[in-house]
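Listed below, chain by chain, are the residues.
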Amino acid sequence: MINAVGLRKVYRLKDREVLALDGVDLHVRQGEIYGVVGQSGAGKSTLLRCVNLLERPTAGTVAVDGEDLTSLSGARLRAARRGIGMVHQHFALLSSRTVAANVAFPLEIAGVGRAERRRRVGELLELVGLQEKARAYPAQLSGGQKQRVGIARALASSPKVLLSDEATSALDPATTESILELLRDLNRELGLTILLITHEMDVIKRICDSAAIMEQGVFRESGKVLDLLATPGSLLARSLFPLPPADAPGVVTITYPRQFDEPLMSELTRRFDVDVNVLGGAVETVSGQSVGRLNVGIQGANRAAALAYLKDKGLLVEESTR
Amino acid sequence: MSWIHELAERWPDMWPVLWLGTLDTLYMVLWATLFTVLFGLPLGVLLVMTDRGGLTPAPAVKAVLGAIVNIGRSLPFIVLMVAVLSLTRFLTGTTLGPTAAIVPLSIGAIPFFARLVETALREVDRGVIEASHAMGARRLTIVAKVLLPEALPGLIAGLVMTIVALISYSAMAGAIGGGGLGDIAIRYGYQRFDDYYLWATVVFLVIVVQLIQSLGDVLVRRMSHR
Ligand SMILES: Nc1ncnc2c1ncn2[C@@H]1O[C@H](COP(=O)(O)OP(=O)(O)O)[C@@H](O)[C@H]1O
Ligand SMILES: [Mg+2]
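Sequences listed follow chains A and B, in order.
Residue numbering for the first sequence follows the working numbering, starting at 1 and increasing by one per position.
Residue numbering for the second sequence follows the working numbering, starting at 323 and increasing by one per position.
Hints listed in this document are in silico derivations from the structure and should not be mistaken for laboratory results.
Where hints are given, some of them may not hold.
[What the hints assert, rightly or not] Once the Cα atoms are required to be at most 20 angstroms apart in a straight line, the calculated SDA-like pairs of lysine to any residue come out as:
{"id": "1", "chain 1": "B", "residue 1": "Lys-467", "chain 2": "A", "residue 2": "Glu-108"}
{"id": "2", "chain 1": "B", "residue 1": "Lys-467", "chain 2": "A", "residue 2": "Arg-117"}
{"id": "3", "chain 1": "B", "residue 1": "Lys-467", "chain 2": "A", "residue 2": "Ala-79"}
{"id": "4", "chain 1": "B", "residue 1": "Lys-384", "chain 2": "B", "residue 2": "Leu-368"}
{"id": "5", "chain 1": "A", "residue 1": "Lys-224", "chain 2": "A", "residue 2": "Glu-284"}
[Unchecked claim] Sample of chain B residues with no beta-carbon within 12 angstroms of chain A, all distances over it, derived:
{"id": "6", "residue": "Arg-332"}
{"id": "7", "residue": "Leu-352"}
{"id": "8", "residue": "Gly-388"}
{"id": "9", "residue": "Val-406"}
{"id": "10", "residue": "Arg-411"}
{"id": "11", "residue": "Ile-451"}
{"id": "12", "residue": "Ile-464"}
{"id": "13", "residue": "Met-494"}
{"id": "14", "residue": "Gly-511"}
{"id": "15", "residue": "Gln-535"}
{"id": "16", "residue": "Val-540"}
{"id": "17", "residue": "His-547"}
Where is the CB? At the ideal position from N, CA and C, for every residue including glycine.
The task is simple: from the sequences and hints, build the whole structure.
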């Protein structure tokens, strides 16, 4: 749905240049939620703004729904942008317009008639659960309600793709939860493809099917979240499950990207006569599946066989690097 | 308190003079306001649009417009009035009276208002403008439907400041025969040392300014949804 290849972006300032994107390839499948996570200054916003050409990449191409946006300009670029919704961290609502008029704005831009606008605005406000706030002004709403208006506005022109720049970063945890749920529902019910950027791992864990970890203008890692978790040395796994450092001798990190009902640890002791000592761990629901990650000390004569057994069971076993 | 008696005695003579002066002042100020908005608003919009990072960056245009505005702003009004006398005669056929005064008043207020417009437009959240681009809005649409409506409270506050400044300029215009309350203050108060006229014009000017300011404040409050 979104295919960006070789994206580079250099900001030229008076005295120096800032390399914000240094060769990023981004492939977002139709109907998935793709999260880009990284620290402030990593280039996430720049990447997102390159996707709808708010920022023109210095090099590389961007195609959305099969259309090469980098080759467009003027009226055709504006038309293409109408097919891409965008949600903003600080909502970016017009303070002079009511909620209903804010949601109607993209429809006005697209030249939709008054009656049709009114009908569509009603639908959208219902979709985000804000019918009774139609005549309120943004200043009278809570942060979560403002973001719902922002989402309704982004969906007004029935886009296939939604871009979200830190949509929940200005919200408290409970509100964040409800907005993420809303995005999840929209993704499922409308088949909406969502590209979101965030600095919160939690967002990736809760709703993303795929993810990329961004640092200094490049993707350090990208792919389906569950695949990444099953990849040795995964940064994503380490960030999603911050375990205490496993530097004691014989400690391994075990990741199991699905539910295990078998009593694996007692099995190990029985079969291989090794000492098993669970040092720390966590089980989390990721992409709708429960995923666990444990630091386990395993010692004994048959240690190697025990590890092989675990790998055989489909678990990812990583020896402590230190 | 003998001045009250004297004032009461003279009031029937003073009232028509003051009332006509007030009407002349309002006439000059309202027409000048109209021309000021007509030229100052687009000028202010252009100043913001041509800015670096504006909707249509054009540093050269911005520099020229900025310079013109600064020249207009740095001329004392009384000097400007004399400087544009020939233009005034060309446009109105005379250099005396309220109609003639409209010309320098407008010219003096346009750059003043343009800067206030510029300031008000700059206050508009950049995020909202970016969001409009993301929605596929044209630049003119952004000016008409985002920039101006979002800045409306600031624009009205700026307009009120401009009108108040015009009232004060109009009193100066009185000094060279522009008519209005300022003219009365000069002719009766200054040249004939008639304190009654002097203070009466002061009171009238204060009342007019106060009314306009209050009306403007109400409008600004009504328009502001922040
Ligand atoms: N308009 C701009 N002009 C100059 N530098 C910019 C601009 N936008 C972003 N940058 C720089 O590019 C880098 C990436 O910024 P950004 O994409 O906003 O990162 P993130 O969203 O991950 O915090 C930063 O170093 C930032 O200072
Ligand atoms: Mg950012």
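Hint by hint, here is what the structure shows:
A C-alpha spacing of about 10 angstroms is found between Lys-467 of chain B and Glu-108 of chain A, which places the hinted pair at or below 20 angstroms, so the restraint holds. For the hint pairing Lys-467 of chain B with Arg-117 of chain A, the CA-to-CA distance comes to about 16 angstroms; that is within 20 angstroms, so the pair holds. A threshold of 20 angstroms between alpha carbons decides the hint, and for Lys-467 of chain B with Ala-79 of chain A the separation of about 18 angstroms falls inside it, so the pair holds. Our distance criterion of 20 angstroms between C-alpha atoms is met by Lys-384 of chain B and Leu-368 of chain B, whose separation comes to about 8 angstroms.
About 16 angstroms separates the Cα atoms of Lys-224 of chain A and Glu-284 of chain A, which keeps this hinted pair within 20 angstroms; it holds. Distance check for Arg-332 of chain B against chain A: the nearest CB is about 51 angstroms away, which clears 12 angstroms, and the non-interface claim stands. For Leu-352 of chain B, the condition that its CB be more than 12 angstroms from all CB atoms of chain A holds, with the nearest at approximately 26 angstroms. Chain A leaves Gly-388 of chain B outside its interface by the beta-carbon criterion, the shortest separation being 19 angstroms against a cut-off of 12 angstroms.
The claim that Val-406 of chain B is not at the interface with chain A holds, since no C-beta of that chain comes within 12 angstroms of its own (minimum 37 angstroms). No beta-carbon of chain A is positioned within 12 angstroms of the beta-carbon of Arg-411 of chain B; the least distance is around 44 angstroms. Residue-level check failed: Ile-451 of chain B sits 9 angstroms from the nearest beta carbon of chain A, not beyond 12 angstroms. In this structure Ile-464 of chain B is not separated from chain A by more than 12 angstroms, as the shortest Cβ-Cβ distance comes to only about 9 angstroms.
Every Cβ of chain A is farther than 12 angstroms from the Cβ of Met-494 of chain B; the closest lies at roughly 36 angstroms, confirming the non-interface assignment. The claim that Gly-511 of chain B lies off the interface holds: its Cβ sits roughly 45 angstroms from the closest Cβ of chain A, which is beyond the 12 angstroms cut-off. With 12 angstroms as the threshold on Cβ separation, the claim that Gln-535 of chain B sits away from chain A holds: the shortest Cβ distance comes to roughly 23 angstroms. The claim that Val-540 of chain B is not at the interface with chain A holds, since no C-beta of that chain comes within 12 angstroms of its own (minimum 17 angstroms).
Look at His-547 of chain B: its CB is around 4 angstroms from the nearest CB on chain A, not clear of 12 angstroms, so calling it non-interface is violated.
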